[in-house]
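Which chain is which? The protein sequence lines are A, B, C and D, in order.
Reading the first sequence from the start, the letters are residues 550 to 998 in the numbering used here.
Reading the second sequence from the start, the letters are residues 550 to 998 in the numbering used here.
Reading the third sequence from the start, the letters are residues 25 to 392 in the numbering used here.
Reading the fourth sequence from the start, the letters are residues 25 to 392 in the numbering used here.
Calculated from the structure, these hints are not laboratory results.
Ideal Cβ placement from N, Cα and C applies to all residues, glycine included.
Any given hint might turn out to be false.
Here's a subset of chain A near chain C, in silico, CB distances under 10 Å, partners left out [to be verified]:
(1) D553
(2) L643
(3) T730
(4) P731
(5) Q732
(6) N733
(7) Q765
(8) R787
(9) R931
(10) L946
(11) I953
(12) S994
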Amino acid sequence: MAIDPITHISFDKYIIIQLPNELYKIYNTFTEVIGLGKYGSFYSKDIVGYPYGTVFDIEYEENDTEDQNKKQKGKKEETPGVAIPRKDDTAQSLEITDDILSNNFNSESNRLLIDQGSSIQKLSNEDIELLKEQNTRADKLISNIISNNGNFQLKTKQSQQKYLIRKFRKFSKCFKVERCTPQNLLKFLMDKNDLLRINDISLESIALQLNLSNIQPNGNYLVMDETGGFLIYSILERMYGGKEDDETKNGTITIITETEHPQLDLLKYSNYSDEFLKKTIKYISVMELLKPQNEEFVRAEFLRINEDLNINELLALKERSPLQQRKVNWFERQMSLIKISNTVDYYDALVLQTDFELKELVDRISKYVKPGSPIVVFCKFREPLLDLSNEYLMKNLNFLNVKILQTSCRPYQTKRGKIHPLMTMKSNGGWLLSCIKVIYQDINSVDKE
Amino acid sequence: MAIDPITHISFDKYIIIQLPNELYKIYNTFTEVIGLGKYGSFYSKDIVGYPYGTVFDIEYEENDTEDQNKKQKGKKEETPGVAIPRKDDTAQSLEITDDILSNNFNSESNRLLIDQGSSIQKLSNEDIELLKEQNTRADKLISNIISNNGNFQLKTKQSQQKYLIRKFRKFSKCFKVERCTPQNLLKFLMDKNDLLRINDISLESIALQLNLSNIQPNGNYLVMDETGGFLIYSILERMYGGKEDDETKNGTITIITETEHPQLDLLKYSNYSDEFLKKTIKYISVMELLKPQNEEFVRAEFLRINEDLNINELLALKERSPLQQRKVNWFERQMSLIKISNTVDYYDALVLQTDFELKELVDRISKYVKPGSPIVVFCKFREPLLDLSNEYLMKNLNFLNVKILQTSCRPYQTKRGKIHPLMTMKSNGGWLLSCIKVIYQDINSVDKE
Amino acid sequence: PVVEIEKKEHPNQGAFVHTDYENIVKENDLVLVYISKTNIRPVVLHKEGRLNTKYGTFLHSEIIGKQYGSQIGKFLNSNQVNRGKRHNKKNKDEKKEGEVGEENNDEEDEKKFGFIHVLKPTPELWTLSLPHRTQIVYTFDSSYITERLQITSLSNVIEAGTGSGSLSHQFSRTCGKLFTYEFHEVRKQQAELEFQQHGLLYQDYLDGKTDDKNVANIIINHRDVCKDGFLIDQVENINADCVFLDLPAPWEAIPNLNDPRVMNQNKQVRVCCFSPCFEQVDKTIEALELNGWGSIEMVEIQGRNFEGRKRMVKSIDDAIKVLCDQKERRNLGASNYRKYKKVRNELQEKDGINDDEHDLKRLKTNSI
Amino acid sequence: PVVEIEKKEHPNQGAFVHTDYENIVKENDLVLVYISKTNIRPVVLHKEGRLNTKYGTFLHSEIIGKQYGSQIGKFLNSNQVNRGKRHNKKNKDEKKEGEVGEENNDEEDEKKFGFIHVLKPTPELWTLSLPHRTQIVYTFDSSYITERLQITSLSNVIEAGTGSGSLSHQFSRTCGKLFTYEFHEVRKQQAELEFQQHGLLYQDYLDGKTDDKNVANIIINHRDVCKDGFLIDQVENINADCVFLDLPAPWEAIPNLNDPRVMNQNKQVRVCCFSPCFEQVDKTIEALELNGWGSIEMVEIQGRNFEGRKRMVKSIDDAIKVLCDQKERRNLGASNYRKYKKVRNELQEKDGINDDEHDLKRLKTNSI
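The following block holds chain A by itself, in its conformation from the complex (with noise of 0.2 Å):
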């Protein structure tokens, strides 16, 4: 049976790592040794074909550990280990389990302990090294840090949990390999500390802007997109999952850019090819969108670049020299993005991600979207949005139902018996304004009764 790609981790594709700390990073399986620092190394072909979510402990050869043993000290491992996956277990989770903290929990106060540092600790980090070569298992590594540790006994409960996670995280190979979905893309990105990039989105604000546009397989969107191609990647998730084969969808996303070139580097995490992006995804400037050219001027301009090349001429050939393809490239562009510019009432949504002045912007290109259909708006910052709606959409008839919105998700510590909310000082995810764009009817077309 072949892999699929989209639930099992395939050649040449982006993934994402989880690490014992906890922590997402983005790996390509086209490498062929993925080295994760000091959580080891392995050769990618061993993942492959396991289903995403799988946990993978490193093992390093018998024979090789006393190489390593002695390489330790000067430079960094060179042999990857061999990446196993953790079977029967469907809990597939990188946490330390309840099982072996339990056996070690005594003591009940820490009224007489006092911190000695790292001096109690009679394994040494590189003890716990070696240790950790010898193809010691977590549970294993966990017990003996336990045992070497003098004071343990006299800590509390919540010390001692703390303490061998924090040791876990630091000594244990091991890892998760997940799908490099919108989602844990969000989770990388915020780990890395990188969420500016994406307009300091939430999960929970793209969740809502997507739900509010209701994002369907065979839509047709217009989009501003300035998280890099991250609000793309989510759009497309929903209307395609992955499956870029399956003729009975067909929708399209038409991004708006700010510049010539579309700025999506996001999307390259996505895994999709680019003839899908092509056929799916349609680019257009603000200048082509709202400045638009007619036929007449593009044969003009055309006439002007090429030098009274006649551009039916070219049209009419059968077959065309890579660079006369090129010129007719063009001018068919350049047709399609006029075609795009006069489509007005077309858009089954419009999805908002941007910094230019809002009023201004919704104003020259509402035009585009069917009536009856949602105009969705993602903001950092609350008033614009305000602005946005009180200041143009309230005033103005083709506008219905105008919600500015927020929307956040406290995360909890959930271990049974030590449930509380986490204080997180993360930012606030941002708002989102939406509405309906309808049709006014003017007051006078209606018969009084």
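Please build the complex by placing chains B, C and D on the supplied structure of chain A, with the hints as guidance.
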């Protein structure tokens, strides 16, 4: 032992009564008979002398019952009942207890329940009124309601409880007496849906404002209060706690008023004597503070108003007629206002709740604050505080540690086994700005090392 | 809001699908009539149909043939104006919506203009239009659930219980197949009928009534999943990859997910349990751990709506001016004050200053 | 921050009391030196004392005699400027604070001006200056607790445990007497010393060291209140009316409040238990109910700090103009474009339009 009016219900005081529907209402023990509407009525002397926080049940004389029943339909009952304090119950709670509820929970699912509305309740409202009159205490009332509802055993536990609590609130005759503290006053205004009167301030925001203002029993505070006296009362409560005659405490509050006569109608519920308030609170209008007169001008004005009467002669008199005394009072008040308007660097905190344009206001009155002391501004909206902070305070070296804060309290349904956050649609409780007034050192006065 | 759709009506297929380019409202379409933010009504349009609103009666024929998103207006007679006014008093926020005209209390006879909008149903608007048969999972929550479960058009989703079907609509829009279970028989029947009317039942695809399996994708069952599990007659293998449990005791249903014919055994799968109380969450976590689920996380979604508001701004100088005037008036006596004032105004007008303009209340737009 | 107060130092009484009208910093005063929002240091001032900061060394004698609230400035040498810069890079928000001067990277030798502020301690500033010996109850919570317990200058308050003493300072400011208990002996000693240095110990009032019993009102005990209850030798009857329990297992201490010598038996009394986890809250509610407490309510305080931020605003027309220019430049070729541009600019300058000003980035003040 004399009654302590701060801890015990006394004559001639405003009190707060919590009704079985959990709402707070304000009454006065000056009233001979306190009527709680459908929850009954009683003589206020019956509750005097018991500590605040006591729950009373209203009971009616046996021999009255028949009369009552006859009258019931036509007019309101006229003979008040007897308010009996609940003893041996430290909880003093109006809530329905779990004991009563748990006896009646047998059915496990509402799969078979079809809502038949009120037709299924065999006891009519009239029957219930009758029961109520006949000295039926809460628990008896409830078991009656239960045994007369044919569908009760078919309901889920949850809907049984909801049903009982609803009925209980409607029919029981008991109440709890609380002291008219600022906190209880706030709950009263909330129940009355009258928070606009106190600028929509929440308990948590006023609490934070008081703490940040560093209120102490001997401090002198400069205040603007657009909460009708609620802010002043809250400050007084922290300073004096209701006690007027403690010689070790002598702090004052100076109020800047917008109008000639301060609008502090909520202050009457504080139960402080007029003498105490007169001694402790000073009033000065924005005009008197910021456009002050000098002594010469006041004397001239005195002459003009009083047609060439010499104030010095009046002041020298040993005995004065009431009219003369009034004139002297007028003069002395003018002198004291001049003194206030000239006393800069004096107040231990500036505490503001006002609709005035804040930059302009703080710019002109911060001079009265002692350097190193806090300035704490409450505002219902965020924008004026952001504006004050970014456009004035942060650009001015006379202010330090500028912070904009918001605090909100999330109540939970606090029933064991059913703990969850309550969805309340209340307003957000406002924002606070705090900073410290400091003295800027001219850069040119510093020696270069 | 009252559902005005007849029990046995079968509107046109594709009620929840984006319209074609023409975007025209047809006879027998299921539409949502937007009367105000809090009053959105589902209606199936018939040539002879009538729709009663607070703005009077609209004929369905006035709506058929219009574009979706159209405003349909009419002039109200005075009786309706009065009713409208009372309504507006109660609900000031809705003022802008549905009614335009001068606020003229003297001339009740003047005709006012009232209007409705005809909208294409979306799951979110449908949720707003629902009579609340059971508690509803609101869009703040449902959108997050969809995202966290990573539901795409390839996902097979299990939902228990169906409840009002509000969330089912949202899942159905996004997912591959939706298996939904409801233990309350009457509610199941109501929901099934609704799904059928909305063209969402997978059976209709099997029966050839529609060829869009992206839309007709709901399989509904009457079932207590806690007792009887998730397996159904229609399919041998559910192959679910996303599960949403909105049950009083999800921990009783969780072990039933272990049957290998329920969840996809060959890929990562996700479950979301939706509970109001912490005690329920605690039992759910216990059951999840016991049944081999990992990476368990409890979260809470807090959603809010904002609105712009007008705020009073007062100037200190204005207040001082008012007080000075009051004082002068008192000192001079009323008649002298008027004379004085007149003279002063005359003087100041020459200088181009209008001292009388005590505009204490200036408005600014702000928000809470 | 490091506490620079010597263990056996006894600063002047009344460190936390409002100053008199003179408002002068005296020798031996305990002051808070404000260096930045996140660096506030408690210092007792001596004639010979020195204070080292990132802005260099300040002599205590430079501070003594100044008014509270005074800025004390000095010019930094270039070495310090560099350190300051590195600091600023890390922590941009503090830029305004502590340092003024042009950002001139070329001339490192130029003297820059750095400053500190001398402040009177308040419980809230003290909390910010604390080395975090234990978890701290922050002002968002503590102010709410004070208000909900209805603590006034008449209240006798019980606090267990003392912890860092941060909350004790806030209670002490507002309440009548504060009975505070700490089971960790070293922490109790640290807190006791601190209260003594701050003039807050009731014993000092009894010993006649101060006559302000509103200020010297703390009685601290080394005690495990869960095991040994609240009764203490110093007083026969605590007569508490407010209790705050910040303990891992408050339910173990609650029964000990039943002793009639602990709580005031003749008035309404209140208790607040502070716990992070729901399971603790659940056990606490159980204990409160069993021990006859009523009107139990669980709440959570959510506090936030806001800041104004600058936001980019782009204009559509500007963007279109940039794109048009790029296109023209490409079509014309670079050299022709320059000629064309020059001509066009000359034409436009006559009309007073400056087309070259593609000011794409305009700044507006906004906030999150």
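| request: Tell me, in ascending order, the numbers of any earlier hints that this structure violates. | output: none
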